[in-house]
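Chemist: If you want the building blocks of each chain, they are given just below.
Protein chains: 2
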Amino acid sequence: MNRLFYQPHQAGLSKVEAAADTLRFINPDVIIESYNMNITKVENFPLFMEKIRTGNKNNSGHVDLVLSCVDNFGARMTINTACNELDQTWMESGVSENAVSGHIQLIVPGKTACFACAPPLILASNIDESTLKREGVCAASLPTTMGIVAGFLVQNTLKYLLKFGRISNYIGYNALDDHFLILTLKPNEDCDDSYCRKRQLEHQLHPVVIEENVPTINTEVVHESNEWGNYIL
Amino acid sequence: MNRLFYQPHQAGLSKVEAAADTLRFINPDVIIESYNMNITKVENFPLFMEKIRTGNKNNSGHVDLVLSCVDNFGARMTINTACNELDQTWMESGVSENAVSGHIQLIVPGKTACFACAPPLILASNIDESTLKREGVCAASLPTTMGIVAGFLVQNTLKYLLKFGRISNYIGYNALDDHFLILTLKPNEDCDDSYCRKRQLEHQLHPVVIEENVPTINTEVVHESNEWGNYIL
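Top line first, the protein sequences correspond to chains A and B. Taking the working numbering, the leading residue of the first sequence gets 293, the next gets one more, and so forth. Taking the working numbering, the leading residue of the second sequence gets 293, the next gets one more, and so forth.
Calculated directly from the structure, the hints in this document are not laboratory data. Among the hints, a few may not be true.
In this list, chains with the same sequence are indistinguishable; a pair is considered to hold if it fits within one copy or across any two.
[As the list claims (entries may be wrong)] Below 20 Å or equal to it, Euclidean Cα-Cα: the simulated SDA-like pairs (lysine to any residue) are: (1) K455 x D469; (2) K455 x D484; (3) K478 x N336; (4) K455 x H471.
Take the sequences, apply the hints, and build the full model.
Modeler: Printed below as a string of structure tokens:
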């Protein structure tokens, strides 16, 4: 979220601490714990796992949800590994380097595809992503795409935690032509992650159900009626 | 944008002045002029028209674009009337009162439907909207929907001003089931607004062309490649 979240007066702070400060300023009633560490380092993995496993409000059990807002493949795979092992539901998000497309994805271990279920070329080819040269990347462009994708991520989070509406498994967004892709991704029974395969077997025996609460009334009519009514934006 | 933009320390300021202060804080290089007035009052209409007609960077001609972020039908109709008369391109936006749907709409007088082209029931019935009682409205709910709709509005604005991608005429968003509606709305030749009908005739003689710049390469492949690559969010 570097292009959305930081302000000039925060120069010198770590990104983690600056983000925590901003969140506390926006809502002082939320308890923010920050950890400035590289989760892909082996020595940090146990603490990362521990915080997912015991980081709820009373420090007595799993967190409700993990949101992934990282910027590289390795960090995503680390989160995926931890969440598969812990059977922790999480949401992944990302914006492409050229900033004109992005996605969010809900991952319920065993129920939906995990991040390793569909191995990208970079993994199959055993290429170190840090060695890849990328053309035409302008890191200063289009915070709007990130704002929209972050909006989808938080909207899906609210629906999941507060149990309203239909929670999307995958939303893809292409900004150039305003194309939206809504998908359901099934897990791969040959997934490389053994915990993913284990969760799939568990899910077959005891399916994970996500509550949906979409009104059965004709929402199209309600929508049109409101479109021309009294707006609050 | 009341639920997104204001902070406790701004209590006592007018909404217009608080918003201007926040925008100046975010980007001091942008010149912000604020006018705290009700644009639907007859006595304020000439100044509103004047600012659209002469409010460009050198105060010598039309502004590039008008963005409508108002919260009622009357104010939308006022903007529509002014922009039809001045032949000014604008974008309308809104979120329904229950905050689970919203839209943005590009209005190019004579080329696309104006706000009066499809008269809503409230207009046809001659009802004063301020007398309408609304059930089930919770003004504290779901700033996420507003964030996403505002993201669409700014994204479409950047595409229009910077001439990239395909500019959408209408994007509808239903948050409950993540349904996206992309439409092109033609003007109504029987529109009540005489300037709209005049602009339609002008458009038939000299069509207004909006530049589009969508790469002809297979964007799907680029998209997939980036989805798994190095992210910046």
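Chemist: If a hint holds in the structure, say so; if it doesn't, say that too.
Modeler: Hint check results:
1. Proximity of K455 and D469 under a CA criterion of 20 Å is satisfied inter-copy only: 13 Å between copies versus 31 Å inside one chain copy.
2. Taking the shortest Cα distances, K455 and D484 never come within 20 Å of each other, neither inside one copy (32 Å) nor across copies (44 Å).
3. For the identical chains of this complex, K478 and N336 are neighbours neither inside a copy (30 Å) nor across copies (58 Å), given an alpha-carbon limit of 20 Å.
4. In this assembly of identical chains, the alpha carbons of K455 and H471 lie at most 20 Å apart only when taken from different copies (18 Å versus 27 Å within one copy).
Of the numbered hints given earlier, the model fails hints 2 and 3; all others are met.
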